[in-house]
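2 protein chains.
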Amino acid sequence: MAGFKHLVIVKFKEDVVVEDILKGMQKLVSEIDAVKSFEWGQDIEGEEMLRQGFTDAFLMTFEDKQGYTAFVGHPCHVEFSATFSTAIDKIVLLDFPSVVAKAAT
Amino acid sequence: MAGFKHLVIVKFKEDVVVEDILKGMQKLVSEIDAVKSFEWGQDIEGEEMLRQGFTDAFLMTFEDKQGYTAFVGHPCHVEFSATFSTAIDKIVLLDFPSVVAKAAT
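Taken in sequence, the protein lines are chains Z and W. Mapping to UniProt numbering: the first sequence position 5 is 5, numbers consecutive. Mapping to UniProt numbering: the second sequence position 30 is 30, numbers consecutive.
Do not rely on the hints blindly, as some may be mistaken.
Claimed, not checked - Lysine to aspartate or glutamate pairs mimicking EDC-like chemistry, simulated, CA-CA at most 16 angstroms apart:
no.: 1; chain 1: W; residue 1: K90; chain 2: Z; residue 2: E45
no.: 2; chain 1: W; residue 1: K27; chain 2: W; residue 2: E79
no.: 3; chain 1: W; residue 1: K65; chain 2: Z; residue 2: E45
no.: 4; chain 1: W; residue 1: K36; chain 2: W; residue 2: E79
no.: 5; chain 1: W; residue 1: K90; chain 2: W; residue 2: E31
no.: 6; chain 1: W; residue 1: K102; chain 2: Z; residue 2: D33
no.: 7; chain 1: Z; residue 1: K102; chain 2: W; residue 2: E79
Said to hold, decoys possible - Simulated restraints on C-beta separations:
no.: 8; chain 1: W; residue 1: S85; chain 2: Z; residue 2: E79; range: 22 to 30 angstroms
no.: 9; chain 1: W; residue 1: P75; chain 2: Z; residue 2: V72; range: 39 to 47 angstroms
no.: 10; chain 1: Z; residue 1: P75; chain 2: W; residue 2: P75; range: 23 to 31 angstroms
These are computed hints drawn from the structure, not numbers from a lab. Each residue gets a CB set at the ideal place from its N, CA and C atoms; glycine is no exception.
For reference, chain Z alone in the conformation it holds in the complex (with noise of 0.2 angstroms):
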């Protein structure tokens, strides 16, 4: 689906278990219902050079640029980036209305 996206990527600290961070992701788009869909990946291949250190990309969709806004102010989505920022060794956040140019058939 097209939409508005909220995408993140990160490189977790050492120490970081990334499952339970999963699981508090997965907590907290299974209560905001303006999260449309949500998944997840691990690039730990690939060459460092092109990575530039990130290992995770996050990506979540939602019906419209309202949907976002709603979920940002959230109180579980407020709660959850306070545990999640101090987990995290760098970021990159991107947030887009996307354009399908070819389509999943």
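Given the coordinates of chain Z, assemble chain W onto it according to the supplied hints.
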């Protein structure tokens, strides 16, 4: 869809016409069957501190890692990459099997 993802986030050089890049990329994904879906987005509003200067995200989906490998080695991709790399100020690439934690309904 889940599948294998190729995620590219980019900060283009200042004189780059992003529309031209996009046209080339759309041609590329239409030429290569292994690319099952392709979406793109631009975030020029988000906080600079969170975006780290990055503006554009490109997300391609393949059926599996083999599909991605076929794409990378495809002559059209090799040619496009050479052009693309000249347009780039900063880039991060992440390639990963996608885990769908909340499916679009």
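Now the hints, each set against the structure:
no.: 1; hint: W:K90 x Z:E45; verdict: 20 angstroms, violated
no.: 2; hint: W:K27 x W:E79; verdict: 12 angstroms, holds
no.: 3; hint: W:K65 x Z:E45; verdict: 12 angstroms, holds
no.: 4; hint: W:K36 x W:E79; verdict: 20 angstroms, violated
no.: 5; hint: W:K90 x W:E31; verdict: 26 angstroms, violated
no.: 6; hint: W:K102 x Z:D33; verdict: 11 angstroms, holds
no.: 7; hint: Z:K102 x W:E79; verdict: 20 angstroms, violated
no.: 8; hint: W:S85 x Z:E79: 22 to 30 angstroms; verdict: 41 angstroms, violated
no.: 9; hint: W:P75 x Z:V72: 39 to 47 angstroms; verdict: 43 angstroms, holds
no.: 10; hint: Z:P75 x W:P75: 23 to 31 angstroms; verdict: 52 angstroms, violated
In summary, the structure is inconsistent with hints 1, 4, 5, 7, 8 and 10 from the numbered list given earlier, while agreeing with the others.
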